[in-house]
Amino acid sequence: MKTKENTLKILLETGVPLWRWGRGAAKEIGDLMEEVEQGDSIVTEEKGKALRKVAVACVDVYYRKGEKELRLREDRQEFKDGRVRRRELLSSLSEKIKQRENPKIAAYRGITEELGVRGQIGLMTKEVINTKIESPSYPGLMTSFRYHFFDAYLDQEQFREEGYVEIQPRKKIYFVWEEEK
174 MKTKENTLKI LLETGVPLWR WGRGAAKEIG DLMEEVEQGD SIVTEEKGKA LRKVAVACVD
234 VYYRKGEKEL RLREDRQEFK DGRVRRRELL SSLSEKIKQR ENPKIAAYRG ITEELGVRGQ
294 IGLMTKEVIN TKIESPSYPG LMTSFRYHFF DAYLDQEQFR EEGYVEIQPR KKIYFVWEEE
354 K
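Its first residue numbered 174, the sequence shown is counted upward by one per residue in our numbering.
Keep in mind that the hints were calculated from the coordinates and are not lab data. Accuracy of the hints is not assured; some may be wrong.
Said to hold, decoys possible - In silico EDC-like cross-links for lysine to aspartate or glutamate, where the CA-CA straight-line distance does not exceed 20 angstroms:
#1 Lys345 to Glu178
#2 Lys238 to Glu330
#3 Lys226 to Glu307
#4 Lys277 to Asp324
#5 Lys226 to Glu186
#6 Lys269 to Glu242
#7 Lys226 to Glu178
#8 Lys345 to Glu335
As the list claims (entries may be wrong) - Simulated DEER-style distance windows between Cβ atoms:
#9 Glu240 to Met297: 18 to 24 angstroms
#10 Phe252 to Gly221: 42 to 48 angstroms
#11 Glu300 to Glu207: 25 to 31 angstroms
Ideal Cβ positions, reconstructed from N, Cα and C, are used throughout, including at glycine.
Kindly generate the complete structure, drawing on both the sequences and the hints.
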């Protein structure tokens with residue numbers, strides 16, 4: 174596992190534009206260091222370039238209300254410094270998979286941590302997709318993503334019509350329901 178010091182060394186030596194981080198929708202260097210420290214991502218050097226490697230559990234969360242099927246989506250993130258970030262995500266929520274963690278366990282962890290939902294959750298595995306892009310969270314840093322997709326179904330006790338709010342040290346994340354078409 175790469176330490177925070179090794180990560181910073183790789184970023185600096187490969188010329189990643191850290192000055193672009195922490196502006197607009199971009200995260201700060203401290204966010205990446207926290208990911209590395211917690212085992213959520215690894216930063217390596219490949220062919221003279223920095224590469225962040227991340228495995229992600231992507232969960233679409235549903236609730237059936239009468240004849241309607243509702244799907245949860247992230248509405249926005251509000252940062253402590255006043256920035257607001259709106260994203261079009263692949264799923265209702267996503268959770269980074271820790272090294273050597275089962276993707277299904279990460280999906281359950283994401284649901285309980287981000288939504289505060291407890292109890293039995295109907296969870297179905299869908300597919301796995303690999304992709305490599307420049308990270309929107311960390312401009313100038315190429316990221317290799319391995320996405321594990323799941324569908325989750327909440328019961329009446331777990332459902333909150335007003336949505337959910339996840340409170341983190343640096344931001345709040347708001348989730349709302351929308352009717353599936």
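We went through each hint and held it up to the structure:
no., hint, result
1, Lys345 to Glu178, "28 angstroms, violated"
2, Lys238 to Glu330, "12 angstroms, holds"
3, Lys226 to Glu307, "11 angstroms, holds"
4, Lys277 to Asp324, "11 angstroms, holds"
5, Lys226 to Glu186, "18 angstroms, holds"
6, Lys269 to Glu242, "27 angstroms, violated"
7, Lys226 to Glu178, "17 angstroms, holds"
8, Lys345 to Glu335, "15 angstroms, holds"
9, Glu240 to Met297: 18 to 24 angstroms, "21 angstroms, holds"
10, Phe252 to Gly221: 42 to 48 angstroms, "33 angstroms, violated"
11, Glu300 to Glu207: 25 to 31 angstroms, "29 angstroms, holds"
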